[in-house]
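S.K.: Sequence:
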Amino acid sequence: KGIIAVSRGGLVPGALLARELGIRHVDTVCISSYDHDNQRELKVLKRAEGDGEGFIVIDDLVDTGGTAVAIREMYPKAHFVTIFAKPAGRPLVDDYVIDIPQNTWIEQPWDMGVVFVPPISGR
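First residue of the sequence shown? That's 71 in the working numbering, and the numbers climb one at a time after it.
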């Protein structure tokens, strides 16, 4: 059916995944968990409708798992993926690309500069 990108970290990966898979139905779930640098209670600002059936939910990172638990509760039938997975949150996602240590800070490529990259799927 489509992709649900977790705002804001999953927006760029979600757009890239939609492009590569030819998916046009892209929605967002907006969850706030930080005030500046301080982690606080999760607040759902906006959610996509449904239970996630037929959808891929994507975020950039699963860290301690707080956001991932909320995502799993909202979208129990979705396939949940991230780019990076830290040990504490790894069991909460279905797929991820890269294992990273728990105490690692990620500098996302989209925060460092803009360069056009053609689709890898050959379309």
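Treat the hints with care, since some could be wrong.
As the list claims (entries may be wrong) - Label-pair restraints from in silico Cβ distances:
| id | residue 1 | residue 2 | range |
| --- | --- | --- | --- |
| 1 | Glu143 | Lys71 | 14 to 22 Å |
| 2 | Leu112 | Val187 | 17 to 25 Å |
| 3 | Cys100 | Pro146 | 26 to 34 Å |
| 4 | Gln172 | Arg89 | 15 to 23 Å |
To be verified - Quick list of in silico lysine-lysine cross-link-like pairs, DSSO-like style, CA-CA up to 30 Å:
| id | residue 1 | residue 2 |
| --- | --- | --- |
| 5 | Lys156 | Lys71 |
| 6 | Lys116 | Lys147 |
| 7 | Lys113 | Lys156 |
| 8 | Lys156 | Lys116 |
In short, the hints are calculated from the structure, not lab data.
Every residue, glycine too, gets a C-beta built ideally from N, C-alpha and C.
S.K.: Indicate, hint by hint, whether the structure satisfies it.
M.R.: Quick rundown of the hints versus the structure:
no.: 1; hint: Glu143 x Lys71: 14 to 22 Å; verdict: holds, 20 Å
no.: 2; hint: Leu112 x Val187: 17 to 25 Å; verdict: violated, 33 Å
no.: 3; hint: Cys100 x Pro146: 26 to 34 Å; verdict: violated, 19 Å
no.: 4; hint: Gln172 x Arg89: 15 to 23 Å; verdict: violated, 31 Å
no.: 5; hint: Lys156 x Lys71; verdict: holds, 28 Å
no.: 6; hint: Lys116 x Lys147; verdict: holds, 19 Å
no.: 7; hint: Lys113 x Lys156; verdict: holds, 22 Å
no.: 8; hint: Lys156 x Lys116; verdict: holds, 25 Å
Of the hints listed earlier, those the structure fails to meet are numbers 2, 3, 4, in rising order.
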